[in-house]
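J.: Now for the letters of each chain:
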Amino acid sequence: MSSMSVEAPSAVTPATAGYPDQERPAWLRYGMAVLLCAAALLLTRLLWPVLEYMPQMLSLLAVFAASWYGGRGPGIVCLALSTMAVTNLFYPPFYSLIIGDTAAAMRLGGFVLVGALGSLAFGALRAARRRQAALVAEANSARRAAERTTREVEDLLERSREAEKNLHRLAAIVESSEDAIIGKDLEGRIVEWNAAAERLFGYRSEEVLGKPVSVLMPPEHRGDMSEILGRVRKGDRVEHYESVRVKKSGERFAVSLSVSPIKDLDGNIVGAAKIARDITEQKQQQAERERLYREAREAARAREDFLSMAGHELRTPLTTLQFQFFTLGRRLSAGQLDKAAELLDRSRTQLDRLVRLTEELLDVTRITSGRLDLETEEADLSRIAREASERFRDVAARAGCELRIEAPPGVRGKWDRSRIDQVVTNLVSNAVKFGKGMPIEIRVEPNGASASVSVRDHGIGMSEEERSKIFDRFERAVSRRSYGGMGLGLWISRQIVEAHGGKIEVESEPGKGSTFRVDLPLGHA
Amino acid sequence: MKVLVVDDDYAVLDAIKDVLEDEGYEVTLAANGLEALKELRRGDRPCLILLDLMMPVMNGWEFRREQLQDTTLAGIPTILITAHSRADENTTELKASGFLRKPAQPNTLLETVGRYCH
Chain A
1 MSSMSVEAPS AVTPATAGYP DQERPAWLRY GMAVLLCAAA LLLTRLLWPV LEYMPQMLSL
61 LAVFAASWYG GRGPGIVCLA LSTMAVTNLF YPPFYSLIIG DTAAAMRLGG FVLVGALGSL
121 AFGALRAARR RQAALVAEAN SARRAAERTT REVEDLLERS REAEKNLHRL AAIVESSEDA
181 IIGKDLEGRI VEWNAAAERL FGYRSEEVLG KPVSVLMPPE HRGDMSEILG RVRKGDRVEH
241 YESVRVKKSG ERFAVSLSVS PIKDLDGNIV GAAKIARDIT EQKQQQAERE RLYREAREAA
301 RAREDFLSMA GHELRTPLTT LQFQFFTLGR RLSAGQLDKA AELLDRSRTQ LDRLVRLTEE
361 LLDVTRITSG RLDLETEEAD LSRIAREASE RFRDVAARAG CELRIEAPPG VRGKWDRSRI
421 DQVVTNLVSN AVKFGKGMPI EIRVEPNGAS ASVSVRDHGI GMSEEERSKI FDRFERAVSR
481 RSYGGMGLGL WISRQIVEAH GGKIEVESEP GKGSTFRVDL PLGHA
Chain B
1 MKVLVVDDDY AVLDAIKDVL EDEGYEVTLA ANGLEALKEL RRGDRPCLIL LDLMMPVMNG
61 WEFRREQLQD TTLAGIPTIL ITAHSRADEN TTELKASGFL RKPAQPNTLL ETVGRYCH
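As you go down the protein sequences, you meet chains A and B in turn. In this text, residue positions in the first sequence follow this note's numbering: the first is 1, and each later residue adds one. In this text, residue positions in the second sequence follow this note's numbering: the first is 1, and each later residue adds one.
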């Protein structure tokens, strides 16, 4: 808007300053005429020696003054009173209205004539000045009105400039907002579209202005808006409503919406202002945080379970050793050396068991810190399998399991002998534990560039779901009430096999048993 | 005087058997709850059952349920011998006479058995 000012008209110089706008009251004008008349007569009487030859002169001035002060009427009244008084007082015969000589009559006649003309002239002059005064007053009042109007117009201009500045500032704020700001009318047509809306939705303002706001919504979310608009029509504000919107490219994203009613100057709701924020990242972060929290809780629970199981596993051989040493002491005191030696042998098995458990615990640390170092050498897989199954012969027999081994000689490769032994031992130990007293078959097979060892039992088996997690750390497929163990054996076995470049797999069916098969490349160094 | 020991670990069974037999007790062994029930229904009534909880085939909880339902067996005193951290809770839950926590002292074992078998 261009700057503009209004010149006020300059003030009218009051030529009749002090002249009363209002006519003086009649009593004042006529009273003043009588007073002036009387004063002139009195003064003539006092100054008689000087004024003897022109006794009506002061009275004539009084007539002029009375008509100047009060107008034509008071002038004439003053003239009439003066004429009568002068005739009576100053022209012989005194105290009568009769005039004795012609010269006196002519002087008096001149006085009356000049007095009457003077009254008329001063009256007319006075009336003209009063009219002029009235015009000046009117002009002044018009000037004041014009000044008032000028001030009002300037006020309006000032306010309008302020409003314009505010509008610019608000527009700048809206434009620079990080959030998309979209205005729509009550029919749901887009009427405002800021820069952030362009960035977020990918439409330029000329592409969407006037379009229904539903172009921004995926079909299944178009119903949301009727509910929100219903609330906005009632004058309510809807804050942080989470929904899904669609970009020009068709990509969908999570959005948080705040919708407020737009009112006109009379307070009628004429549309809605919508602030939209892309919360896709926020949602992803939240989901990620929830996932991490869930995992941390699960890990904590698994660790807790593991510690409890590890305690249980360590206590069993310790109990055995405690009882065995007690008996050993008694046998030695009784001199039963043979029995003592046999018992000592059995104690060694418990010691081995403790060592194995401790090694397993250390393996967890080694594996998780990436320090599972293999010491590879030329090794015979068949021999490893035979030795492992030999160690289990007694335990298997007591569990009622017959161990059948099929291992052709010469299945050799570069492996860490003790680690592969650990894997086979673990598989055979599991087969005995879960084998329900049925035969167990151990088979070693050469297979081109690799060799395999499989351990098959006919025991309790497991479901597909159980199979999926048995190679995970601390996991077990069976109830803790029925089977002990730390839940580490298969996890460690998998780590060892994979470190050799091989793989471990299981086939199983509930009630029918399981077959674990390990494939190892021969030449892995 | 016969004691029935139920545990799935043969080494534990053998070690307890040695300790008790040296004291003159007769000891029968069972590798799980089912074997223990068979033993109880076949042979003489023992003066005490030493029961492990975590066992395959039939665990300690299942065994106690069966035992308590059988009126001829329900009265046999049963001591839990367990590495379970909440042995006292288990004792209450299973209405057992007491518990020995693994690793138990041999003398404590003998005292406990002596209380029920004399």
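Where hints are given, some of them may not hold.
What the hints assert, rightly or not - In silico DSBU-like pairs for lysine-lysine, Cα to Cα no more than 30 angstroms straight-line:
id, chain 1, residue 1, chain 2, residue 2
1, B, K17, B, K38
2, A, K512, B, K38
3, A, K234, A, K263
4, B, K17, A, K436
Since the hints were derived computationally from the structure, they do not count as laboratory data.
J.: Against each hint, give a clear statement of whether it holds in the structure.
T.: Structure-based check of each hint:
Taking the CA atoms of K17 (chain B) and K38 (chain B), the gap is near 19 angstroms; set against the 30 angstroms cutoff, the hint holds. A hinted pair counts as satisfied when its Cα atoms are at most 30 angstroms apart, and K512 (chain A) with K38 (chain B) qualifies at roughly 25 angstroms. Using a Cα cut-off of 30 angstroms, the hinted pair K234 (chain A) and K263 (chain A) holds, with the two alpha carbons roughly 12 angstroms apart. Among the hinted pairs, K17 (chain B) with K436 (chain A) is consistent with the structure: their alpha-carbon atoms are about 24 angstroms apart, no more than 30 angstroms.
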